[in-house]
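Trainee: In case you want the letters, here they are:
Number of protein chains: 2
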Amino acid sequence: MSTTLSRTETYSLLSLALACVGVLANTFQGDGEPLIASIAFSGLAFCSCYALIRWLGQAFMRRGFKGKDMSKLKQHEIPETMGAVCAMVYLFILVFFIPWPFYKDIVAATSGGGNRDVMKDLDAVETGRLLHRFPHNKLASYLSAILSLQSIVLLGIGDDLFDIRWRHKVLIPAIAVIPMLVVYFVDFGVTKMVVPTPLRPYLGELFDLGWLYYVYMALLSIFSSNSINILAGINGIEVAQSLVIAALIVFNDVLYLSPFTPYPHPATDSHLFSLYLLLPFIGVSLALLMHNWYPAKVFVGDTYCYFAGMVFAVDGILGHFSKTLILLLLPQGFNFVYSAPQLFHLVPCPRHRLPHFNARTGLLECSRVEFKKPLARPIAECLKLLHRLRLLDVEVDGEGNVVSSSNFTIINLWLVWFGPMREDRLALGLLGFQTACGLLGLFIRHRMALLVFTQDNW
Amino acid sequence: MSTTLSRTETYSLLSLALACVGVLANTFQGDGEPLIASIAFSGLAFCSCYALIRWLGQAFMRRGFKGKDMSKLKQHEIPETMGAVCAMVYLFILVFFIPWPFYKDIVAATSGGGNRDVMKDLDAVETGRLLHRFPHNKLASYLSAILSLQSIVLLGIGDDLFDIRWRHKVLIPAIAVIPMLVVYFVDFGVTKMVVPTPLRPYLGELFDLGWLYYVYMALLSIFSSNSINILAGINGIEVAQSLVIAALIVFNDVLYLSPFTPYPHPATDSHLFSLYLLLPFIGVSLALLMHNWYPAKVFVGDTYCYFAGMVFAVDGILGHFSKTLILLLLPQGFNFVYSAPQLFHLVPCPRHRLPHFNARTGLLECSRVEFKKPLARPIAECLKLLHRLRLLDVEVDGEGNVVSSSNFTIINLWLVWFGPMREDRLALGLLGFQTACGLLGLFIRHRMALLVFTQDNW
Numbered sequence: 001m002s003t004t005l006s007r008t009e010t011y012s013l014l015s016l017a018l019a020c021v022g023v024l025a026n027t028f029q030g031d032g033e034p035l036i037a038s039i040a041f042s043g044l045a046f047c048s049c050y051a052l053i054r055w056l057g058q059a060f061m062r063r064g065f066k067g068k069d070m071s072k073l074k075q076h077e078i079p080e081t082m083g084a085v086c087a088m089v090y091l092f093i094l095v096f097f098i099p100w101p102f103y104k105d106i107v108a109a110t111s112g113g114g115n116r117d118v119m120k121d122l123d124a125v126e127t128g129r130l131l132h133r134f135p136h137n138k139l140a141s142y143l144s145a146i147l148s149l150q151s152i153v154l155l156g157i158g159d160d161l162f163d164i165r166w167r168h169k170v171l172i173p174a175i176a177v178i179p180m181l182v183v184y185f186v187d188f189g190v191t192k193m194v195v196p197t198p199l200r201p202y203l204g205e206l207f208d209l210g211w212l213y214y215v216y217m218a219l220l221s222i223f224s225s226n227s228i229n230i231l232a233g234i235n236g237i238e239v240a241q242s243l244v245i246a247a248l249i250v251f252n253d254v255l256y257l258s259p260f261t262p263y264p265h266p267a268t269d270s271h272l273f274s275l276y277l278l279l280p281f282i283g284v285s286l287a288l289l290m291h292n293w294y295p296a297k298v299f300v301g302d303t304y305c306y307f308a309g310m311v312f313a314v315d316g317i318l319g320h321f322s323k324t325l326i327l328l329l330l331p332q333g334f335n336f337v338y339s340a341p342q343l344f345h346l347v348p349c350p351r352h353r354l355p356h357f358n359a360r361t362g363l364l365e366c367s368r369v370e371f372k373k374p375l376a377r378p379i380a381e382c383l384k385l386l387h388r389l390r391l392l393d394v395e396v397d398g399e400g401n402v403v404s405s406s407n408f409t410i411i412n413l414w415l416v417w418f419g420p421m422r423e424d425r426l427a428l429g430l431l432g433f434q435t436a437c438g439l440l441g442l443f444i445r446h447r448m449a450l451l452v453f454t455q456d457n458w
Numbered sequence: 001m002s003t004t005l006s007r008t009e010t011y012s013l014l015s016l017a018l019a020c021v022g023v024l025a026n027t028f029q030g031d032g033e034p035l036i037a038s039i040a041f042s043g044l045a046f047c048s049c050y051a052l053i054r055w056l057g058q059a060f061m062r063r064g065f066k067g068k069d070m071s072k073l074k075q076h077e078i079p080e081t082m083g084a085v086c087a088m089v090y091l092f093i094l095v096f097f098i099p100w101p102f103y104k105d106i107v108a109a110t111s112g113g114g115n116r117d118v119m120k121d122l123d124a125v126e127t128g129r130l131l132h133r134f135p136h137n138k139l140a141s142y143l144s145a146i147l148s149l150q151s152i153v154l155l156g157i158g159d160d161l162f163d164i165r166w167r168h169k170v171l172i173p174a175i176a177v178i179p180m181l182v183v184y185f186v187d188f189g190v191t192k193m194v195v196p197t198p199l200r201p202y203l204g205e206l207f208d209l210g211w212l213y214y215v216y217m218a219l220l221s222i223f224s225s226n227s228i229n230i231l232a233g234i235n236g237i238e239v240a241q242s243l244v245i246a247a248l249i250v251f252n253d254v255l256y257l258s259p260f261t262p263y264p265h266p267a268t269d270s271h272l273f274s275l276y277l278l279l280p281f282i283g284v285s286l287a288l289l290m291h292n293w294y295p296a297k298v299f300v301g302d303t304y305c306y307f308a309g310m311v312f313a314v315d316g317i318l319g320h321f322s323k324t325l326i327l328l329l330l331p332q333g334f335n336f337v338y339s340a341p342q343l344f345h346l347v348p349c350p351r352h353r354l355p356h357f358n359a360r361t362g363l364l365e366c367s368r369v370e371f372k373k374p375l376a377r378p379i380a381e382c383l384k385l386l387h388r389l390r391l392l393d394v395e396v397d398g399e400g401n402v403v404s405s406s407n408f409t410i411i412n413l414w415l416v417w418f419g420p421m422r423e424d425r426l427a428l429g430l431l432g433f434q435t436a437c438g439l440l441g442l443f444i445r446h447r448m449a450l451l452v453f454t455q456d457n458w
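For the protein sequence lines, the chains are D and V, in the order given. Position one of the first sequence corresponds to residue 1 (this note's numbering), numbered consecutively onward. Position one of the second sequence corresponds to residue 1 (this note's numbering), numbered consecutively onward.
Hints should not be assumed to be uniformly reliable.
Which chain D residues face chain V? A few, computed with CB under 8 Å, are given here [what the hints assert, rightly or not]: (1) Pro99; (2) Ala140; (3) Leu143; (4) Val153; (5) Ile157; (6) Leu161; (7) Phe162; (8) Ile178; (9) Val183; (10) Phe185; (11) Leu343; (12) Leu346.
Hints are computed from structural coordinates only; laboratory data are not their basis. For every residue, glycine included, the Cβ atom is placed at its ideal position computed from N, Cα and C.
So here's chain D without its partners, still in its complex pose (with noise of 0.2 Å):
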């Protein structure tokens, strides 16, 4: 990879860098408008992201963050961990932001000391749909989400650089969660939930989780990150993958704060908050992607998968839509299920289960485990039966033992389905299947809410 920046390069990030500069200025005009600054500040993640990615590439290198990619044909060593550059670029970002959701007139005096005097009112500050500002009290869940993605960001380089085993690296996102459900807990601490009517006769109309709803956030979080580290090895699929999703939320936001939607909606603040944190992170991630997509200059690292994974959990969470984010992770959620018997080692796990590059055609075929001793009965028979289905390529011996079967991983089963193809063209595949499952997600989401609930908040 080339450490610096084409003419091309440069001139298009500087036009669109000022481009976006330009609009961030105008917002200062009249009263400004988040959403717009959001845009812009977007823009100027992907801008600098883009450009940081290649200046530091061989900083990282250097210092052995490195590695090579076992899909190609010529082997060279490329930059690891650039995921963090991503992640740091983004953080600022949400910093730089902060003065335009959250405005400053709300002192208007002080007498010394840190006390405030003068308070204006709150309607004087929310003036109209894209103006909208966040009443005061809302920094601290925004600054609790800031410091939840910074504290993963920590942890995931701590882990990228002492390698922790993979028992303590599953609840690396549970430990980075805390700020966030601490300030949850002094800043909202509302625990309870809305039950779906069948259960209302049982339950009541809302049900108190209490602390119980601590851990429903904590588990969300290594959920949401874990599947998309758990759903990775070939160029692409890490960032491209988060992208889809963070698109797929975007998509759900807008349509509470569109047009047609009733205004004041209750849910506006709450999707708002959740484009704020969103957008940018599309930013920092196309231009990530742009260097990730197939053949890959740059890896992402655990750094990403964690970070990508935690600014969803932290989205839904403080949106308030973290059933629709469970939606919108069916792939992950799937492809964790599909893993567990290889992860918990009902049946050998090699080293690697990614796909198998064929470098005489250039394409990958799906790799394949060895059944050195015969599998226990009850076992055997349900790899059988997965293969009836079509869900796993087993191979069977004259005696009718298995002696091999395809990796259980959704992108293995992606090859068994279809063959062997480019890595690129696999890419493609998951992505579609992710994109329809999330829409699908959505349309029941909205569509079948009314089933279960007695209204859909939308």
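Once you have looked at the hints, place chain V on chain D.
Mentor: Frame of chain D; chain V shown alone:
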């Protein structure tokens, strides 16, 4: 260094930790007392930091974070950058502490979607002196402090990893302080300073510094972090000087909170805030000092110096006593001014300016810089003047040319004044000097303030 805790250590740490947990559990009775909780958390911070430094030392060395102690007969390799462990523990303790000062019951009910409908009155929350709870809008300041500290740790680790150049390094604290400045801008935004009496005819009573106030805060963080980083190089000095400064600020805070001070006092909040940030810092620093004191078993790394300086800067800014902080950093400031001729290459600067270790006597002697090329006339005359003022040790040849001098650091100056001594006696001497200067500074601040201001805010 042993990687495990001895039996005595284990039992001592365990019993201290249990006592702290007991105290914490007690604060759940009745209204809870944040200051007591803060002290208990600081105890927990000490225990966990002490144990983690032991447990993680080997892992750090394996990943290349290690160094040799130049001032010892036997130069084993020992872990480096242990300040990062210290900082991580500190940050998590600050997060866990949040529910104590910031009470959750302020939000009593919600209509969903993140809106608060019923709020309790502030008076119902603030109850008495030690039971003092912060109004909820201070939470944003507190979180921004944590964010800035976490940023400096991230950037500090980046520095330790990538060996950033000296002139870029200096600016790291200014980048890390940005989150706090942005939140200060939206959350408080007061940039007026009280004008000293002699200047009032020209400037009025209050002078609005405007954006210069933000520059001032950024400069304060640069000064605070780097001045601690420059006064370094012998076992324990980085941590111990930070402890002395922290103790002096705590002493100053207690002056405002003691039963002799009239209550309610406008600065009570600020000084409680300051205590909450400093007590856990003292906890983790003590644990680090016990490993870093002569003969050092670990090194602290630049990360610690940045981190400690940032704690003071954040504390001074949010506690509204930045001028007092500058008074307490005077010895560091003197060291910086004194070092300037070498730092800015007016006089040659050797790679290392540590005191010279005399292996025969086991004592440290002041290290010297040889001037191979003759110095410019005015500079040579200045050095001779400094020699006459006993502020430098200069060697002159028969023709009156300066051929060598002691290095320009306060550590070497101390050795010039008091002759060779063992490393720990040198550190103790410098710490005594720091303490004396600090106490004098506080005395001046409270006794002499009336000469330039119409009233002491105490």
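Trainee: Run every hint past the structure and note whether it holds.
Mentor: Each hint tested on the structure:
no.	hint	in the structure
1	Pro99	5 Å, holds
2	Ala140	5 Å, holds
3	Leu143	4 Å, holds
4	Val153	7 Å, holds
5	Ile157	7 Å, holds
6	Leu161	6 Å, holds
7	Phe162	5 Å, holds
8	Ile178	6 Å, holds
9	Val183	7 Å, holds
10	Phe185	6 Å, holds
11	Leu343	25 Å, violated
12	Leu346	32 Å, violated
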